[in-house]
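Q: Residue numbers (this note's numbering), protein chains in the order written: chain U, 105 to 196; chain R, 3 to 219.
Bear in mind the hints are in silico, worked out from the structure with no lab data behind them.
Fair warning: there could be bad hints in the mix.
With the C-beta cut set under 10 Å, the calculated list includes, among others, these residues of chain U facing chain R [what the hints assert, rightly or not]:
| hint | residue |
| --- | --- |
| 1 | V119 |
| 2 | F124 |
| 3 | I139 |
| 4 | L144 |
| 5 | M149 |
| 6 | A160 |
| 7 | K167 |
| 8 | P170 |
| 9 | P180 |
| 10 | L183 |
| 11 | E194 |
The list that follows gives simulated cross-link-like pairs (lysine-lysine, DSS-like), each with its CA atoms no further than 27 Å apart [said to hold, decoys possible]:
| hint | chain 1 | residue 1 | chain 2 | residue 2 |
| --- | --- | --- | --- | --- |
| 12 | U | K167 | R | K184 |
| 13 | U | K171 | R | K98 |
| 14 | R | K19 | U | K141 |
Remember, predicted model here, so these are calculated numbers, not experimental data.
Even glycine gets a Cβ: it sits at the ideal position worked out from N, Cα and C.
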Amino acid sequence: MSTGETHKPPPYMLVWVGLFVLTIMEVFYATLTSIPKIWLAIGLMAMAFLKAYWVAIYYMHLKWEPKRLWLLVSVPIPLIMILIFVVLNEIF
Amino acid sequence: MTTQAMTAGRAPMPGMKVYNLKLGMWIFLLSEVMFFTGLIGSYVILRFAHPEQFAEPGQVLNINLTAFNTFLLICSSVTMVKAYAAIQQGDQQGLKNWLLATIVIGASFVGVQVYEYIALAAEGFVPIAEAYHAVGRHMPHDGPVIGGQLYGSTFYTMTGFHGTHVSIGVLCLCFTYWRAAKGAYTADSLGGVEIMGLYWHFVDLVWIILFTIVYLI
Chain U
105 MSTGETHKPP PYMLVWVGLF VLTIMEVFYA TLTSIPKIWL AIGLMAMAFL
155 KAYWVAIYYM HLKWEPKRLW LLVSVPIPLI MILIFVVLNE IF
Chain R
3 MTTQAMTAGR APMPGMKVYN LKLGMWIFLL SEVMFFTGLI GSYVILRFAH
53 PEQFAEPGQV LNINLTAFNT FLLICSSVTM VKAYAAIQQG DQQGLKNWLL
103 ATIVIGASFV GVQVYEYIAL AAEGFVPIAE AYHAVGRHMP HDGPVIGGQL
153 YGSTFYTMTG FHGTHVSIGV LCLCFTYWRA AKGAYTADSL GGVEIMGLYW
203 HFVDLVWIIL FTIVYLI
């Protein structure tokens, strides 16, 4: 985008349909009582991260941004891992 | 204003290869990522450490109402990106129409959240409540006492901060619409619409994660 490169129009409406369908699937999946809690959480988080990924890639246009911006955007990820997993380690 | 002057702030810069406004917005959003990660991280840790203070999904919170609100925010994201696509084609009217749709849907999201807060408060689920009943949808008012202060505090902190972000976003969208109505944006000068879109999509992205963690798990 910023470098003025041309590309096919992003599939905005298709992504919207995907987000809508995944949201319905999430709500339905959350009501399943036969699944162990841990698998329920993993499945729900996987769907949530997929939705977040689509928003970032297509709506925030990260797919067409320079790789250096990707690097910048990925900076908080290890910090998030440290925050969540290392501190969780203190509990267990 | 000359075309050169209008596009000057949007010209690709050496190094990051994105124009300054956008780079600034991305750096701001990264700080927001850490802010919300702090909130979500605290929630996860507190929930693991004190499971007795937290209710099961649907016991206290209205999942269907919030799922509808999630749908609203997703719709507002697509209208925002349509506004950007419109001005990329030089379609001034399209930009204004899609921006207006985004404002209306965003304000509706805030309205539904305020309604949810009022309903929850009426049922006794407030941040300072030491204990409350599983009320409303599944149990009678004299049902078992569940939850504790941590649940209410973390719920209202996370959703409240997000709602504040959405409200600020709606105000910024109104400003963007006002500028669009004055013809401030063109296919060559659309930086303001793009960075507004980045903020709005980020707010949507955060809600996608919050909805799953707070309401469904």
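Q: Hints first: check each against the structure and report whether it holds.
A: Hint-by-hint comparison with the structure:
1. V119: 8 Å, holds
2. F124: 6 Å, holds
3. I139: 12 Å, violated
4. L144: 7 Å, holds
5. M149: Since the shortest Cβ distance to chain R is 6 Å, the answer is holds.
6. A160: 6 Å, holds
7. K167: 13 Å, violated
8. P170: 4 Å, holds
9. P180: Status holds, d = 5 Å.
10. L183: Nearest chain R Cβ about 7 Å off; hint holds.
11. E194: The hint holds - U/E194 has a Cβ within 10 Å of chain R, the shortest such distance being about 8 Å.
12. U/K167 / R/K184: Violated: U/K167 and R/K184 sit about 31 Å apart, past 27 Å.
13. U/K171 / R/K98: It is violated: about 32 Å lies between the C-alpha atoms, which goes past 27 Å.
14. R/K19 / U/K141: The given pair, whose Cα atoms are some 45 Å apart, is violated under the 27 Å limit.
Violated hints, listed in ascending order, are 3, 7, 12, 13 and 14; each of the other numbered hints is respected by the structure.
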